[in-house]
Amino acid sequence: GENVEQHPSTLSVQEGDSAVIKCTYSDSASNYFPWYKQELGKRPQLIIDIRSNVGEKKDQRIAVTLNKTAKHFSLHITETQPEDSAVYFCAALSNQGGKLIFGQGTELSVKP
Amino acid sequence: ETGVTQTPRHLVMGMTNKKSLKCEQHLGHNAMYWYKQSAKKPLELMFVYNFKEQTENNSVPSRFSPECPNSSHLFLHLHTLQPEDSALYLCASSPTSGFSGNTIYFGEGSWLTVV
Numbered sequence: 007g008e009n010v011e012q013h014p015s016t017l018s019v020q021e022g023d024s025a026v027i028k029c030t031y032s033d034s035a036s037n038y039f040p041w042y043k044q045e046l047g048k049r050p051q052l053i054i055d056i057r058s059n060v061g062e063k064k065d066q067r068i069a070v071t072l073n074k075t076a077k078h079f080s081l082h083i084t085e086t087q088p089e090d091s092a093v094y095f096c097a098a099l100s101n102q103g104g105k106l107i108f109g110q111g112t113e114l115s116v117k118p
Numbered sequence: 107e108t109g110v111t112q113t114p115r116h117l118v119m120g121m122t123n124k125k126s127l128k129c130e131q132h133l134g135h136n137a138m139y140w141y142k143q144s145a146k147k148p149l150e151l152m153f154v155y156n157f158k159e160q161t162e163n164n165s166v167p168s169r170f171s172p173e174c175p176n177s178s179h180l181f182l183h184l185h186t187l188q189p190e191d192s193a194l195y196l197c198a199s200s201p202t203s204g205f206s207g208n209t210i211y212f213g214e215g216s217w218l219t220v221v
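Taken in sequence, the protein lines are chains A and B.
Going left to right, the first sequence walks through residues 7 to 118 as our numbering numbers them.
Going left to right, the second sequence walks through residues 107 to 221 as our numbering numbers them.
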């Protein structure tokens with residue numbers, strides 16, 4: 007079945023450094039890739055998404071890149087701040103059944 | 107506030123109890139979802155409803171019974187649960203299901219503990 011692999015599972019960076027989280031997906035029909043941020047005890051919230059007809063998208067300090075050939079996409083956070091500390095989930099939407107498949111999550115810790 | 111509200115936020119129940127989780131969305135969406143979030147595991151899709159019709163049951167045990175009376179409300183009826191069912195249950199909604207670019211909005215979740 008469809009699968010999304012996310013790495014790393016934990017990531018610790020110093021404030022001001024960059025953080026990169028990578029995901030790979032198995033279903034070549036996937037065409038929509040959102041990223042969610044979940045702070046402790048709160049709901050997952052969409053922070054950025056990308057569609058399959060675009061290779062890169064940027065929103066202030068966060069950016070997402072997509073390589074359809076390799077079936078992987080990445081989240082890049084620059085100039086990290088302590089409030090970026092959270093669990094980040096990638097996901098891939100497949101047209102086959104319309105399911106949003108989530109990665110395992112990355113716990114990001116930004117140390118001041 | 108994303109417009110998806112869940113009640114109760116916390117629930118402790120015994121294995122012989124029957125309880126229900128409730129979800130309501132005020133976004134005018136037509137698709138609603140139940141996800142299960144356990145520690146150290148990815149979000150697991152349980153059920154999908156599109157225009158009140160169930161379109162996905164991801165091999166969920168029958169002790170979980172969903173109900174969708176209209177596009178704004180979704181319930182998850184629970185009975186004879188097991189301790190391993192303890193988790194955060196997240197409700198979500200989107201304009202429709204099954205099409206690209208439909209952002210899914212999550213509720214705050216219901217923390218369930220089965221004792």
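Honestly, the hints are just simulated from the structure, not real lab data.
Please read these numbers as outputs of a predicted model, since none were measured by experiment.
Cβ atoms here follow ideal geometry from the backbone N, Cα and C, with glycine treated the same way.
Where hints are given, some of them may not hold.
[Said to hold, decoys possible] Once the Cα atoms are required to be at most 25 Å apart in a straight line, the calculated PhoX-like pairs of lysine-lysine come out as:
{"no.": "1", "chain 1": "B", "residue 1": "LYS146", "chain 2": "A", "residue 2": "LYS63"}
{"no.": "2", "chain 1": "B", "residue 1": "LYS158", "chain 2": "A", "residue 2": "LYS28"}
{"no.": "3", "chain 1": "A", "residue 1": "LYS28", "chain 2": "B", "residue 2": "LYS125"}
{"no.": "4", "chain 1": "B", "residue 1": "LYS158", "chain 2": "A", "residue 2": "LYS117"}
{"no.": "5", "chain 1": "A", "residue 1": "LYS64", "chain 2": "A", "residue 2": "LYS74"}
{"no.": "6", "chain 1": "A", "residue 1": "LYS77", "chain 2": "B", "residue 2": "LYS158"}
{"no.": "7", "chain 1": "B", "residue 1": "LYS147", "chain 2": "A", "residue 2": "LYS77"}
{"no.": "8", "chain 1": "B", "residue 1": "LYS158", "chain 2": "B", "residue 2": "LYS125"}
{"no.": "9", "chain 1": "B", "residue 1": "LYS125", "chain 2": "A", "residue 2": "LYS77"}
{"no.": "10", "chain 1": "A", "residue 1": "LYS63", "chain 2": "B", "residue 2": "LYS142"}
[Said to hold, decoys possible] If you want the footprint, here are the derived chain A segments under chain B, 3+ residues with CB under 8 Å:
{"no.": "11", "region": "45–59"}
{"no.": "12", "region": "109–115"}
Given the hinted pair LYS64 (chain A) and LYS74 (chain A), is their Cα-Cα distance within 25 Å? 18 Å, holds
LYS28 (chain A) and LYS125 (chain B) were given as a pair; does the straight-line alpha-carbon distance stay at or below 25 Å? This hinted pair is violated, its Cα atoms lying about 39 Å apart.
Would the pair LYS146 (chain B) and LYS63 (chain A) pass a check requiring their Cα atoms to be no farther apart than 25 Å? 29 Å, violated
Mind checking, does the region 45–59 of chain A have 3 or more residues with a CB under 8 Å from chain B? This one holds; 8 residues, not fewer than the three required, reach chain B with a Cβ under 8 Å.
Given the hint that LYS158 (chain B) pairs with LYS117 (chain A), test it: the Cα-Cα distance must not exceed 25 Å. 46 Å, violated
Hinted pair LYS63 (chain A) and LYS142 (chain B), Cα distance within 25 Å: The hint is violated at about 29 Å.
Assess, step by step, whether the Cα of LYS158 (chain B) is no farther than 25 Å from the Cα of LYS125 (chain B), and give holds or violated. 21 Å, holds
Establish whether the coverage given for the region 109–115 of chain A by chain B is satisfied; the threshold is a Cβ-Cβ distance below 8 Å, and no fewer than three residues must meet it. Contact hint for the region 109–115 of chain A vs chain B: holds, 3 residues under 8 Å.
Quick one, are LYS147 (chain B) and LYS77 (chain A) close enough, alpha carbons at most 25 Å? 22 Å, holds
Proposed proximity, LYS77 (chain A) with LYS125 (chain B) (alpha carbon, max 25 Å): Distance ~42 Å between LYS125 (chain B) and LYS77 (chain A) Cα, so the pair is violated.
Holds or violated: LYS77 (chain A) to LYS158 (chain B), with C-alpha atoms at most 25 Å apart: Since the Cα atoms of LYS77 (chain A) and LYS158 (chain B) sit roughly 33 Å apart, the hinted pair is violated (cutoff 25 Å).
CA of LYS158 (chain B) to CA of LYS28 (chain A), is that 25 Å or under? 35 Å, violated
Hints 1, 2, 3, 4, 6, 9, 10 from the earlier list are contradicted by this structure; the remaining hints agree with it.
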